[in-house]
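As you go down the protein sequences, you meet chains A and X in turn.
Read in our numbering, the first sequence has 312 at position 312, and its numbers run on one by one without any break.
Read in our numbering, the second sequence has 133 at position 133, and its numbers run on one by one without any break.
Keep in mind that the hints are not guaranteed to be accurate.
Stated by the list, open to error - Cβ-to-Cβ under 8 angstroms is the rule here; a few derived chain A residues that face chain X:
#	residue
1	K109
2	L112
3	R113
4	I278
5	A285
6	E286
7	S287
8	G389
9	F391
10	P392
11	R393
12	I394
13	V396
14	D397
15	M398
No lab work stands behind these hints: they were computed from the structure.
No experiment lies behind these values; they were computed from the predicted model shown.
Beta carbons are placed, not taken as given, at the ideal position from N, Cα and C, and that holds for glycine.
As a plain string of letters, each chain reads:
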Amino acid sequence: MSVIAPKFKLSEFIKSLLDNIFWIILLLVLIGVPAVFIILFVIPMPVIDGELLTPFLALTWLADPTRILPVVKAFMGTDIFRVMAFPGFGFAALLAAGTIFVERKMLAKLQLRVGPFYCGKFEGILQLMGDGLKLISKEIIIPAKADKPIFWAAPVLFVAAAAAFVAFIPVAPGWVVADVDLGLLGVFAVIGFFPIITILSAWSANSKFPFIGGIRALFQMVSFEIPLILSLLGVVMLTGSLNLSEIAASQSVFPWIVFLPVGAIVFFITMLAELERIPFDLPEAESEIVAGWLTELSGMMYGLVQLGTYLKLYAFAGLFVVLFLGGWNGPMIVPPFPAELLTTGITIGPITAGPFPGLPLFTQEMLNGTLMFVLKTAGVIFFILLPRGVFPRIRVDMLLNLGWSKLIGLAFVNIFIALGLLYAGVLGPGGLQ
Amino acid sequence: MTFKLPPGLALQKVDEKIMTLNVGPQHPGSGHMRLIVQIDGDYIVACDPDPGYVHRGEEKMAEYRNYILNIPHLERPVIHDSCNVLYPYVLGSEEILGIEVPERAKYVRVIASELNRCIYIMYWLAIYGIFLGHSTMFMWPAGDRELLIDLMEKMTGARVTHAHFVPGGVRNDLPPNFEDVCLRQVNYFEKRIKEYAAIFYDNPILIARTRDTGVLSRQDAIRYGTTGSVLRASGVDYDLRIKEPYDVYEELDVHTNVMKEGDSYARSKIPWLDMLESCNIIRQALQKMPKSGSVRTKLKPNPKGKGLDSVYKRVESGRGSLGCYIVSDGKVEPYRVKLSVPSFRNLIALPNLLRGEKLGNMPSVYWSLNYWPVEADR
Numbered sequence: 001m002s003v004i005a006p007k008f009k010l011s012e013f014i015k016s017l018l019d020n021i022f023w024i025i026l027l028l029v030l031i032g033v034p035a036v037f038i039i040l041f042v043i044p045m046p047v048i049d050g051e052l053l054t055p056f057l058a059l060t061w062l063a064d065p066t067r068i069l070p071v072v073k074a075f076m077g078t079d080i081f082r083v084m085a086f087p088g089f090g091f092a093a094l095l096a097a098g099t100i101f102v103e104r105k106m107l108a109k110l111q112l113r114v115g116p117f118y119c120g121k122f123e124g125i126l127q128l129m130g131d132g133l134k135l136i137s138k139e140i141i142i143p144a145k146a147d148k149p150i151f152w153a154a155p156v157l158f159v160a161a162a163a164a165f166v167a168f169i170p171v172a173p174g175w176v177v178a179d180v181d182l183g184l185l186g187v188f189a190v191i192g193f194f195p196i197i198t199i200l201s202a203w204s205a206n207s208k209f210p211f212i213g214g215i216r217a218l219f220q221m222v223s224f225e226i227p228l229i230l231s232l233l234g235v236v237m238l239t240g241s242l243n244l245s246e247i248a249a250s251q252s253v254f255p256w257i258v259f260l261p262v263g264a265i266v267f268f269i270t271m272l273a274e275l276e277r278i279p280f281d282l283p284e285a286e287s288e289i290v291a292g293w294l295t296e297l298s299g300m301m302y303g304l305v306q307l308g309t310y311l312k313l314y315a316f317a318g319l320f321v322v323l324f325l326g327g328w329n330g331p332m333i334v335p336p337f338p339a340e341l342l343t344t345g346i347t348i349g350p351i352t353a354g355p356f357p358g359l360p361l362f363t364q365e366m367l368n369g370t371l372m373f374v375l376k377t378a379g380v381i382f383f384i385l386l387p388r389g390v391f392p393r394i395r396v397d398m399l400l401n402l403g404w405s406k407l408i409g410l411a412f413v414n415i416f417i418a419l420g421l422l423y424a425g426v427l428g429p430g431g432l433q
Numbered sequence: 001m002t003f004k005l006p007p008g009l010a011l012q013k014v015d016e017k018i019m020t021l022n023v024g025p026q027h028p029g030s031g032h033m034r035l036i037v038q039i040d041g042d043y044i045v046a047c048d049p050d051p052g053y054v055h056r057g058e059e060k061m062a063e064y065r066n067y068i069l070n071i072p073h074l075e076r077p078v079i080h081d082s083c084n085v086l087y088p089y090v091l092g093s094e095e096i097l098g099i100e101v102p103e104r105a106k107y108v109r110v111i112a113s114e115l116n117r118c119i120y121i122m123y124w125l126a127i128y129g130i131f132l133g134h135s136t137m138f139m140w141p142a143g144d145r146e147l148l149i150d151l152m153e154k155m156t157g158a159r160v161t162h163a164h165f166v167p168g169g170v171r172n173d174l175p176p177n178f179e180d181v182c183l184r185q186v187n188y189f190e191k192r193i194k195e196y197a198a199i200f201y202d203n204p205i206l207i208a209r210t211r212d213t214g215v216l217s218r219q220d221a222i223r224y225g226t227t228g229s230v231l232r233a234s235g236v237d238y239d240l241r242i243k244e245p246y247d248v249y250e251e252l253d254v255h256t257n258v259m260k261e262g263d264s265y266a267r268s269k270i271p272w273l274d275m276l277e278s279c280n281i282i283r284q285a286l287q288k289m290p291k292s293g294s295v296r297t298k299l300k301p302n303p304k305g306k307g308l309d310s311v312y313k314r315v316e317s318g319r320g321s322l323g324c325y326i327v328s329d330g331k332v333e334p335y336r337v338k339l340s341v342p343s344f345r346n347l348i349a350l351p352n353l354l355r356g357e358k359l360g361n362m363p364s365v366y367w368s369l370n371y372w373p374v375e376a377d378r
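Using the sequences provided together with the hints, build the complete structure.
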């Protein structure tokens with residue numbers, strides 16, 4: 001017997017919705033509005049700019065740009081905006097969602113298909129939302145002999161670690177969540193959490209396929225962390241700083257990829273391995289070990305891990321851009337802010353708008369820097385996605401051979417190139433940069 | 001503690017280091033079957049294939065139906081290769097019933113059989129691609145296969161299970177203008193599959209993954225009784241289209257592809273070369289085919305065999321030599337129909353090939369054996 005909807009009828013559903021709306025309005029009018037007036041009667045209202053603040057006046061200010069713009073601007077300077085919205089989680093999640101859409105459509109074009117097509121009017125643009133809703137509505141099944149607290153915590157920890165990684169990436173001059181002097185070390189520390197979370201999730205599921213997948217992920221991440229760190233040492237030597245904002249700012253003339261192409265290649269390959277993307281998707285090799293360490297995750301737990309994976313992808317691509325491609329540096333293509341908006345206002349036909357004294361919410365440099373960063377990151381993400389359509393999966397022994405012998409050797413070559421550039425005086429004090 | 005085992009059973013000693021994995025029947029890396037794999041770290045210690053999940057009793061069903069009614073269900077074991085699965089049965093029942101086949105029908109059969117071989121190999125190749133994690137190689141063959149499926153639909157009226165071959169010829173004549181359409185489609189198809197070399201067969205990662213894995217030596221290949229692409233990948237030049245030509249294969253110029261390595265790479269490349277060869281055969285057959293004439297010798301209702309009689313016929317299917325043994329006792333139904341399928345012969349080599357391999361090689365070695373679970377179970 002169905003418990004959820006024994007007899008579902010659309011008309012009754014609409015009627016119940018209308019009933020709810022009716023009761024909400026009724027209660028609001030009978031209880032809410034008198035309560036507000038009683039409060040206003042008791043509490044003395046503040047006087048702002050010589051005017052007594054009444055509810056009517058507060059509503060008018062909401063529509064008055066000269067009043068509301070400074071409030072918005074002040075909110076944009078707060079830490080909570082940075083963490084939640086712009087350089088932090090919200091921005092990264094938006095780019096991650098775009099990445100998923102582009103990945104599906106691009107691979108589809110490569111493989112003689114159309115990809116997501118029906119969900120949303122334009123080219124299946126709402127498919128991701130539909131998938132998210134499906135994952136949320138699914139039942140979460142925990143294996144009977146799983147270590148439940150750890151199994152529950154692992155997906156949340158995964159997203160948390162990915163979000164912490166995102167916090168280190170500077171998007172525009174001054175726009176970074178955590179502007180720490182040892183930013184690159186912080187990045188390495190956060191990357192070090194991922195294998196631990198993975199093996200915890202895999203082991204606590206108490207199942208064979210996740211266990212093998214977890215061990216593979218551990219092998220892969222640990223053995224590729226060493227070339228990852230070594231390949232970035234060249235950049236640190238040339239810049240003389242571990243602060244990611246300073247590293248980005250130091251590339252105003254040449255990006256480091258011009259001088260350190262070997263390091264960039266090594267970093268790109270290790271990045272693919274850390275992200276578990278094809279050809280390095282051994283921990284999730286479906287024809288060998290079902291879904292690897294994700295096998296027992298169900299519903300939104302799986303969705304959280306996917307969210308974390310794509311946040312991590314954005315963060316790695318952003319790190320590549322900051323370290324090798326010059327971060328926010330680039331030609332100034334954003335037009336300057338029209339100055340008459342501040343003083344006289346702007347007239348378009350019969351309408352005159354302004355003046356808006358608090359208006360330039362973002363500076364021209366910031367907008368241009370963000371644009372450059374997003375364009376470069378999108379390019380790097382494209383190259384991260386591309387191997388999925390071209391390469392098959394490699395094997396564990398080939399992976400370890402690549403990580404421990406070839407990439408570490410190339411990373412050392414890169415370090416010697418950086419040292420040579422420094423001692424020859426091409427770069428550094430008195431050199432090109 | 002003394003525990004008495006039932007007779008015939010023995011306790012197996014289990015090493016603590018060894019983990020037993022049940023790969024299948026619900027696993028993306030197995031077909032409708034189970035591989036009981038024991039692994040020590042990343043190495044496979046033992047592998048025990050466990051087929052039989054899709055046994056449908058095709059052979060027993062054949063004893064209750066007359067020679068014509070047997071056709072639709074005997075092609076069910078491999079619906080993607082349905083013409084070739086039906087071919088030995090049709091050849092055998094023609095001999096039992098004593099019917100002559102018109103010349104044009106023989107050519108139509110060869111064309112249908114070669115087209116169906118390509119359709120099967122494309123499906124097989126798609127799954128081989130996805131088993132190696134190469135999603136483009138899954139989508140491309142699955143899409144290009146439609147070219148030939150459309151062609152078969154024009155020819156037989158059905159897209160997958162054609163039931164086109166009957167004792168005495170084929171069910172219907174070719175539609176008008178079929179030769180031109182077929183030639184055009186096959187030429188385009190050949191051009192298309194030649195592109196697979198760039199993305200798949202010449203891919204350095206694929207070569208590194210499948211070279212020298214699951215090596216089946218020439219002696220072992222003969223000893224285990226493997227057939228088809230597995231046998232030819234191990235260096236044995238054995239193709240029934242040349243060794244025992246049936247219908248009009250002796251009038252056509254057929255070449256086989258042989259590779260000496262005997263590894264997964266060779267076993268996966270031979271079917272692809274076979275497809276190119278099939279395109280050649282189809283072009284020759286289209287050229288030599290009589291332009292008009294009957295395609296079917298009509299049978300009387302409920303045809304009967306002439307007394308006690310038996311016949312064994314075999315053809316080269318997409319997976320190898322496929323035989324059909326028919327015993328007739330002079331009644332309307334055959335007394336016994338036995339299908340001797342290549343899939344089961346090729347599966348015998350699997351435990352020996354997987355022993356000592358890495359777990360990552362399991363899907364590629366397993367699927368390179370050209371094994372079709374439904375056919376093995378019948």
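> At a threshold of 8 angstroms, is the proposed contact between L112(A) and chain X supported by beta-carbon distances?
Replying inline: OK, holds: L112(A) within 8 angstroms of chain X, min 4 angstroms.
> For the hint on R393(A), does the least C-beta distance to chain X fall short of 8 angstroms?
Replying inline: holds, 3 angstroms
> Does the CB of K109(A) sit less than 8 angstroms away from some CB of chain X?
Replying inline: Hint violated; K109(A) Cβ to chain X Cβ min 11 angstroms, cut 8 angstroms.
>> Does R113(A) hold up as a contact with chain X if the rule is Cβ-Cβ below 8 angstroms?
In response: holds, 6 angstroms
> Can we keep the S287(A) interface hint, with Cβ of chain X closer than 8 angstroms?
Replying inline: With a minimum Cβ separation of about 4 angstroms from chain X (threshold 8 angstroms), the hint on S287(A) holds.
>> The hint names G389(A) as touching chain X; please verify it with the least Cβ-Cβ distance against 8 angstroms.
In response: Cβ of G389(A) sits 5 angstroms from chain X, so the hint holds.
>> Hint I278(A) vs chain X: min CB-CB distance below 8 angstroms?
In response: Hint holds; I278(A) Cβ to chain X Cβ min 6 angstroms, cut 8 angstroms.
>> Is the interface hint satisfied for P392(A)? The criterion is a beta-carbon contact with chain X at less than 8 angstroms.
In response: holds, 4 angstroms
> Does M398(A) pass the interface hint, meaning its C-beta sits closer than 8 angstroms to a C-beta of chain X?
Replying inline: Where the cut-off is 8 angstroms and the nearest Cβ of chain X is about 6 angstroms from M398(A), the hint holds.
> Minimum Cβ distance from V396(A) to chain X below 8 angstroms?
Replying inline: Since the shortest Cβ distance to chain X is 6 angstroms, the answer is holds.
>> E286(A) was flagged as interface toward chain X. Is the shortest Cβ-Cβ separation under 8 angstroms?
In response: holds, 5 angstroms
>> Tell me if the interface restraint on F391(A) is satisfied: Cβ within less than 8 angstroms of some Cβ in chain X.
In response: holds, 5 angstroms
Going through the hint list in order, the structure does not satisfy hint 1, though it satisfies all others.
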